[in-house]
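S.K.: Spelled out, the chains give:
Protein chains: 2
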Amino acid sequence: MPKSALAQQPHWKAFASRRRDPTTKREAVLKTAAELFLEKSYGRTSLDDIAERLNITKPALYHYFHKKEEILLECYRWGTGLIEESLTEIAGSAGTGLEKVAAFVYSYANVMTVNFGRCVMRLDEGDLSTQALEEVRTYKRKIDRRLRSFIQEGIRDGSIAPCDPKIAAFSIAGAVNWICMWYEPAGPLTAEEIASQFARTLTQGLARRKPDSLRRAAPAGPSAD
Amino acid sequence: MPKSALAQQPHWKAFASRRRDPTTKREAVLKTAAELFLEKSYGRTSLDDIAERLNITKPALYHYFHKKEEILLECYRWGTGLIEESLTEIAGSAGTGLEKVAAFVYSYANVMTVNFGRCVMRLDEGDLSTQALEEVRTYKRKIDRRLRSFIQEGIRDGSIAPCDPKIAAFSIAGAVNWICMWYEPAGPLTAEEIASQFARTLTQGLARRKPDSLRRAAPAGPSAD
Chain V
60 MPKSALAQQP HWKAFASRRR DPTTKREAVL KTAAELFLEK SYGRTSLDDI
110 AERLNITKPA LYHYFHKKEE ILLECYRWGT GLIEESLTEI AGSAGTGLEK
160 VAAFVYSYAN VMTVNFGRCV MRLDEGDLST QALEEVRTYK RKIDRRLRSF
210 IQEGIRDGSI APCDPKIAAF SIAGAVNWIC MWYEPAGPLT AEEIASQFAR
260 TLTQGLARRK PDSLRRAAPA GPSAD
Chain D
60 MPKSALAQQP HWKAFASRRR DPTTKREAVL KTAAELFLEK SYGRTSLDDI
110 AERLNITKPA LYHYFHKKEE ILLECYRWGT GLIEESLTEI AGSAGTGLEK
160 VAAFVYSYAN VMTVNFGRCV MRLDEGDLST QALEEVRTYK RKIDRRLRSF
210 IQEGIRDGSI APCDPKIAAF SIAGAVNWIC MWYEPAGPLT AEEIASQFAR
260 TLTQGLARRK PDSLRRAAPA GPSAD
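Protein chains in written order, with the working numbering: chain V, 60 to 284; chain D, 60 to 284.
If you're looking for bench data, these hints aren't it; they were derived computationally from the structure.
Be aware that a few hints might be false.
Where chains are identical, the list cannot tell them apart; a pair therefore holds if satisfied intra-copy or between any two copies.
[Unchecked claim] Dumping the calculated DSS-like pairs for lysine-lysine here, alpha-carbon to alpha-carbon at most 30 Å:
| hint | residue 1 | residue 2 |
| --- | --- | --- |
| 1 | K127 | K72 |
| 2 | K225 | K99 |
| 3 | K199 | K99 |
| 4 | K201 | K126 |
| 5 | K127 | K99 |
| 6 | K72 | K199 |
| 7 | K117 | K201 |
| 8 | K99 | K126 |
| 9 | K225 | K127 |
All of these numbers come straight from a predicted model, not from anything done at the bench.
Just chain V, with the same shape it has in the complex (with noise of 0.2 Å):
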């Protein structure tokens, strides 16, 4: 995760040389935006506020965008689209359903430790239009239902417990968004430790498995089951 050296770069920087391009320039849009919107709330952020710690005129960033509104869908796009990202890729590779579920955890809490995965689950959907709301909403489905196709996925190739796809679902989806509720990225924890344990503990369990000792006690071979 770039994160940490994103977090170094200051996002004015990008608009103070002139050699930078406008996409890096509307990127830092976003990305001061995206930490504004956490650090006081939507509704307490002004377009005022975002071209004040860019540094910039309200012209400047009129060039990029309008309307806080926009701002604020460009900010889900941008976190709902890193985790389709990862979860394209995911799809595609091989291995066990419950695999892929574990690959989904760890790199969905990797996103859930950046400021616009933390804005997907954490900002207000009411404060988007209609229009953006269904979209935002769709995307949220098809997360839900990848996720639900690996563990149907891992239940058919015997790697999951016979389970309701959409409780599990439910349960790990939860674990995950709820990272936005208490991560402080200045905080003791890095991301890698949540991601990694995450990964582990949802698709293990806490419970100890007591291999070593059973694989001692019994032949060796493949298992019946």
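Got chain V; can you put chain D on it based on the hints?
M.R.: Chain D only, in chain V's frame:
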């Protein structure tokens, strides 16, 4: 859970009969308020709305509460009280740390399907006064500490695999807290189905274990682990 029974009993009935005691009427106010806060949001619910749904006058409502914020705090108290009650019972029970975590998930998930529990996690704490917020945060910290202590107990007694109890507690609490975001009292999933599967998969994991085949292969008697 007496949830369905509660839902079937209209709260205004508490005021329709002269024989009802003040405690029942006070509870009816709180239940109605919790319902409205979840339906319309706290900000959009007025004392008039609460009085109207209870079919009483505003002065009659004032007999129980003077400010909306008092009602909000009482809803939080009720919700966290439900969680604490079951936690105390679990803490005092026999069983391994893992069994206590499973019992915790089961009862906490049940609380998250009733309105007072949903209020605790879904309403915006920013609407509480500084003092009330401190009170609510103290409750939440207590719940978190209890869960962590069960996990630590499980690591010590060997029922839980070594892990970071803080991250594990966050993943479990997140999965359960998130219930308030998707659970629909009128939906197809019952509180019992949700609570049972959450308790199972959050402790045992999604992964299929192979106890039968291994048990058949392993000799009887305690394992070396």
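S.K.: A separate judgement is required for each hint: does it hold in the structure or not?
M.R.: Going through the hints against the structure:
1. Taking CA atoms no more than 30 Å apart as the test, K127 paired with K72 passes inside one copy only; the shortest distance there is 21 Å, against 47 Å between copies.
2. For a Cα distance limit of 30 Å, the shortest separation of K225 from K99 across copies, 27 Å, qualifies, whereas the shortest one inside one copy, 34 Å, does not.
3. For the identical chains of this complex, K199 and K99 are neighbours both inside a copy (24 Å) and across copies (23 Å), given an alpha-carbon limit of 30 Å.
4. Taking the closest pair of Cα atoms, K201 and K126 come within 30 Å of each other only inside a single copy of the chain (27 Å); across copies the shortest separation is 43 Å, beyond that limit.
5. In this assembly of identical chains, the alpha carbons of K127 and K99 lie at most 30 Å apart whether taken from the same copy (14 Å) or from different copies (25 Å).
6. Taking the closest pair of Cα atoms, K72 and K199 never come within 30 Å of each other, the shortest separation being 33 Å inside a single copy and 41 Å across copies.
7. Taking CA atoms no more than 30 Å apart as the test, K117 paired with K201 passes in neither setting, with 36 Å inside one copy and 47 Å between copies.
8. In this assembly of identical chains, the alpha carbons of K99 and K126 lie at most 30 Å apart whether taken from the same copy (18 Å) or from different copies (27 Å).
9. For the homomeric pair K225 and K127, neither the shortest alpha-carbon distance inside one copy (35 Å) nor that between copies (37 Å) is at most 30 Å.
Checked against the numbered hints given earlier, this structure breaks hints 6, 7 and 9; the rest are met.
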